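Student: The chain contents come next:
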Amino acid sequence: AQSVSQHNHHVILSEAASLELGCNYSYGGTVNLFWYVQYPGQHLQLLLKYFSGDPLVKGIKGFEAEFIKSKFSFNLRKPSVQWSDTAEYFCAVNFYNTDKLIFGTGTRLQVFP
Amino acid sequence: SAVISQKPSRDICQRGTSLTIQCQVDSQVTMMFWYRQQPGQSLTLIATANQGSEATYESGFVIDKFPISRPNLTFSTLTVSNMSPEDSSIYLCSVGPYQGTEAFFGQGTRLTVV
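So the protein lines, in turn, are chains V and R. Per the working numbering, residue 446 is the first one in the first sequence, and the count goes up by one each step. Per the working numbering, residue 12 is the first one in the second sequence, and the count goes up by one each step.
No lab work stands behind these hints: they were computed from the structure. Quick caveat, the model's predicted, so the values are computed rather than measured. Just so you know, not all the hints are guaranteed correct.
As the list claims (entries may be wrong) - DSBU-like mimics (lysine-lysine), calculated; alpha carbons at most 35 Å apart, straight line:
(1) V/LYS514 with V/LYS503
(2) R/LYS18 with R/LYS76
(3) R/LYS18 with V/LYS506
(4) V/LYS503 with V/LYS516
(5) V/LYS506 with V/LYS516
(6) R/LYS18 with V/LYS503
Pulled out of the complex, with its shape left as it was, chain R reads as follows (with noise of 0.2 Å):
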């Protein structure tokens, strides 16, 4: 199993402004994956994050707005840049699945955009 931090858990921001939001894992993975949960809809895959390449991005989703960093195996933040009130989601870190084992997935960071 995982376990995946994600910090911050929640946060209101002004439109117009960017956050970064962190995913650390408890192990060393290859690939981290980054979802959004926009209000009662199911999660959407923004991009897939490989250690020492870029991120692949899922159709309608750009690196100009959702801006990913891998820098190591266990660590991974996702930019919402440039945010208005459409970008109000809860967004999750996932790893998995993979060795046989299911997928883990952050608590989420639940973003408010004002």
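This is chain V alone, in the form it adopts within the complex (with noise of 0.2 Å):
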């Protein structure tokens, strides 16, 4: 069955520290690649997006994502995180021979000033 792990539940970072969450899915054909994040009280925002071309994805507020295809992942990165970056991110998968959208288990990042 097509699946999407996110190993990360729960990430307790201070301020200006790296960030890295890992998103794995289980599939060996075409996909794209999302990640997603809701702030406290807030609906769900896109930050970047995997389709095709480069597999380094810059998204909005400092974050990156890179697509290994031979590992099936889809790792969430920013150098130095902020505060204001305290939410629920979700890596999401669209499997081609599908239309819908398969969501991980998504991580809870608390940042402490």
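Grab the two chains, each in its own frame, and use the hints to assemble them into the complex.
Tutor: Structure follows, in structure tokens:
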């Protein structure tokens, strides 16, 4: 079955620390990949997306993600987090043989000043 | 891009009753999707709604509990039937990803069952 896994359920960092959130998916075919963020009390917002081309994708607010096809991974990174990055982060995958989006379990990030 | 209007934005309902959530898209789309986000959890796909055919439900979701209508290419409804407190969640409708764009989400319906 198609699935998406996020290894880190809860991450706590101090401001200026570097961030890397893992995302792996189970499927060997073509995929579209997304990271969404949900700030407290707010709706889902797209951080970045990968469809094809350069596997290093840059998104909003200084986030980036790298697609490594051989590892079925799409990890999210940010070199220096801010308190305002406190939110829930969701990796999502669109598997090409379907039209639906499968979400990972989410990672709760807390950044302390 | 697509703009999705979803209503109601929130509701508090008595157990045993039903609530119908409406989702309006500003453009014609083939497929619409309904998700549930339980408190502190990720999004789980409930079903895919195609215009002119019955919705396709994911494992663990059934039509009797979550009937869906899709009368045209811009509108869909999800009904949460015979509600119990366990149905308290945020319900979201979505379109995409398609045509090389990301998925777009409605603002969600926060349902509390008491």
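Student: All hints are to be evaluated individually against the structure, with a verdict given for each.
Tutor: Verification of the supplied hints:
1. V/LYS514 with V/LYS503: This hinted pair holds, its Cα atoms lying about 17 Å apart.
2. R/LYS18 with R/LYS76: 19 Å, holds
3. R/LYS18 with V/LYS506: Given that 35 Å is the threshold and the Cα spacing comes to 30 Å, the pair holds.
4. V/LYS503 with V/LYS516: With Cα atoms ~20 Å apart, V/LYS503 and V/LYS516 stay inside 35 Å; holds.
5. V/LYS506 with V/LYS516: With a Cα-Cα distance of about 26 Å, the restraint between V/LYS506 and V/LYS516 holds, given a limit of 35 Å.
6. R/LYS18 with V/LYS503: Answer holds: R/LYS18 to V/LYS503 is near 33 Å, not above 35 Å.
Checked against the numbered hints above, the structure breaks none of them.
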